[in-house]
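Chemist: If you count the sequence shown from 1, position 344 lands on 345 in this note's numbering, and the numbers rise without skipping.
These are computed hints drawn from the structure, not numbers from a lab. Incorrect hints may have been included.
Unchecked claim - Derived EDC-like pairs (lysine to aspartate or glutamate); straight-line CA-CA distance at most 20 Å:
#1 Lys53 <-> Asp72
#2 Lys451 <-> Glu562
#3 Lys42 <-> Glu64
#4 Lys451 <-> Glu563
#5 Lys195 <-> Glu156
#6 Lys53 <-> Asp74
#7 Lys566 <-> Asp524
#8 Lys53 <-> Asp205
#9 Lys451 <-> Asp205
#10 Lys451 <-> Asp554
#11 Lys195 <-> Glu163
#12 Lys566 <-> Asp554
#13 Lys42 <-> Glu56
#14 Lys105 <-> Glu91
#15 Lys53 <-> Glu64
#16 Lys451 <-> Glu295
#17 Lys42 <-> Asp72
#18 Lys566 <-> Glu442
#19 Lys566 <-> Glu446
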Amino acid sequence: MTIIDGPVARTNPVPTATASASIPNTRTEKTATDDTQPWIKCTGCRILIYAKRLERHQHVCPECQTHLRIDVDRRLSYLLDPGSTVGFGEQLAPVDPLGFVDTKPYAARVAAAQRATGRSDSVICCTATIEGEPVVVAAFDFGFMGGSLGSVAGELITVAAELALRNRIPLLVITASGGARMQEGALSLMQMAKTARAFAELHDAGVLAVNLNTHPTYGGATASFATLGDVILTEPGALTGFAGPRVIQQTIATQLPLGFQTAAFQLEHGLVDAVVSRENLRGVVAGLLRAHGEQGQLPPPPAPVVLTRPEQITERPPQQLTALARDINRPTTLEYIGGIFDGFTELHGDRRTADDPAMVAGLARLGGRSVVVVGTQKGHSTRELVDRRFGMPLPAGYLKALRMYRHAARFGLPVVSFIDTPGAYPGAEAEQRGQGHVIAECIAEMSMLKVPTVCVITGEGGSGGALALGVGNTVFMLENAYYSVISPEGCSSILWGDASRAPDAAANLRIDARSLLGLGVVDGVLPEPPGGAHLQPGDTVETVRSAVLNALDRWSRCTPEEISKHRQARFRTLGALSGTVDLPVIDHDRNFIPGLTLEES
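Please model the entire structure based on the sequences and the hints provided.
Modeler: Written out as structure tokens, the structure reads:
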């Protein structure tokens, strides 16, 4: 996916009294869709662009890439297959339940908007296809009273969701809205509950919902349906948020940061999955629809090269092993993803605070089927290693992984994880945001999945930060990787008082593939080329691809219940102990009877 962000689109007109006061107030300019003008001035670089040239570029400035505002009809023409649309819901029209009057009666405002736009309210609905993939669409027209959410708009979004649910067809909601329609009072507010419930039903049924939030999206839209999609997309420069900058400044008299509520801001703070340029939107949305559509059969997998007996694995001195596992030239998660899968759509953010670059996640295709992919990401250069914190995720990274586990469960998609991390990030910020809790949530959620989980330890497998991605039906590790409850240096510091005894700690911890295979912690070891994976990365990637494909093929023959029970049994039997547990029996009065076992009762 192309992730781009550009200058803020600055063509939103001054809001009327009918739109929510949260819309940013910028000066009026000609919109990009003014077809009477042969030349149109870009609102970013201010140059004049020939209108026909601008149309060829989907109203994105060819000089500075500013995404100019477009009307809903033009947007749909860019996204939907020609001749595929069938509209519905045009019969609904708003009424005036309150007899509301500001500078004009509400009824007069509605009539003026209907004359100006040619439609009955702010939302239009249709069924259509995008690159042949069926979809139900509900799209806002910002030209109709600021795209405000009233009774008709709420009903149409709900009806569209119900149609998608009934036919198990994905829903795409395209939003450009100032928020709730004040002229309908509390009835407008209630549309937020109505539409949120409709999206919740889609979630429960495993029907895909995609939000495309365009410039501007605010208020009641953001606080309901516009942020409840399984995937949330936006365009470069789009302004989205709950309260607009003017409202915030007037309410709490605060100075807002540069770029506040822009698409780039939303991405950085983990609130959207992707910022996608307009020219790529059609392909990205079509890819999402395909990823959640009918799944084909996996092709017969090639016989994988997997070592399953400890004696097949060469023993290495601990210092050599940890040096190989940590070599910065080893293939990274993104390189494995690029070499193993036919396509990858990266999804971003925890929908709370941030997008953690130390954790990558998204949707991919393998052998004609879709899978969810998660993994820790390091890098090769010093800059990337620092930016990604050497593959040590913050809570936001684990929340991203948790999102993807739940996404996999909702749509019945297998999970493939790649583990290469010294451990979870240990800083104060991580602790303040509940690092231990989010890791625990990941482990618990992954353990309960009823879809296949295949995990590959490609380098370092450090502690609970690694296990959060490692609760697999099948767990592989590369020959020169390691997996441990603690780093050798950490163990040495605790038990010997300094880190110099790290080799002794590594030897005692038995962190190597040979030992872990013997203990049953991993199911198979993937051989590396002589000298390490980094010397022949292409061969290593192919080895991993073959093993993953084979494992998914085997698990595809099992029921969801069998998959979940196998994972439970796999981890239930791991441990070193002697003796048995005699459980006391509870009598009918709920009293414990000591010394009596279940068998004796």
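Chemist: Run every hint past the structure and note whether it holds.
Modeler: Do the hints match the structure? See the list:
Proximity of Lys53 to Asp72 is assessed by CA-CA distance (about 16 Å); at most 20 Å being required, the pair is judged to hold. Distance check on the hinted pair: Lys451 and Glu562 sit about 6 Å apart at the alpha-carbon level, within 20 Å; holds. Our distance criterion of 20 Å between C-alpha atoms is met by Lys42 and Glu64, whose separation comes to about 12 Å. In summary, the hint linking Lys451 to Glu563 is supported, as the alpha carbons are separated by about 8 Å, within the 20 Å threshold.
For the hint linking Lys195 to Glu156, the alpha-carbon distance of about 8 Å falls within 20 Å, and the restraint holds. About 17 Å separates the Cα atoms of Lys53 and Asp74, which keeps this hinted pair within 20 Å; it holds. Between Lys566 and Asp524 the alpha-carbon distance is near 17 Å, which keeps this suggested pair within the 20 Å criterion. Of the pairs offered as hints, the one joining Lys53 and Asp205 is violated, with about 45 Å between alpha carbons and a cut-off of 20 Å exceeded.
Straight-line distance between C-alpha atoms of Lys451 and Asp205 comes to about 15 Å, which keeps the hinted pair within the 20 Å bound. At roughly 15 Å between alpha-carbon atoms, Lys451 and Asp554 fall within 20 Å of each other, so this suggested pair holds. Restraint check for Lys195 and Glu163: satisfied, since their Cα atoms lie roughly 12 Å apart, inside the 20 Å limit. Using a Cα cut-off of 20 Å, the hinted pair Lys566 and Asp554 holds, with the two alpha carbons roughly 18 Å apart.
Restraint check: the Cα-Cα separation between Lys42 and Glu56 comes to about 13 Å, which is no more than 20 Å; the hinted pair holds. Straight-line distance between C-alpha atoms of Lys105 and Glu91 comes to about 25 Å, which puts the hinted pair past the 20 Å bound. Taking the CA atoms of Lys53 and Glu64, the gap is about 15 Å. The hint holds against a cut of 20 Å. A C-alpha spacing of about 18 Å is found between Lys451 and Glu295, which places the hinted pair at or below 20 Å, so the restraint holds.
With a C-alpha separation of about 17 Å, the suggested pairing of Lys42 with Asp72 holds against the 20 Å cut-off. At most 20 Å may separate the alpha-carbon atoms for a hinted pair to count; Lys566 and Glu442 meet this at roughly 19 Å. At roughly 14 Å between alpha-carbon atoms, Lys566 and Glu446 fall within 20 Å of each other, so this suggested pair holds.
Against the hints set out earlier in the document, violations occur for numbers 8, 14.
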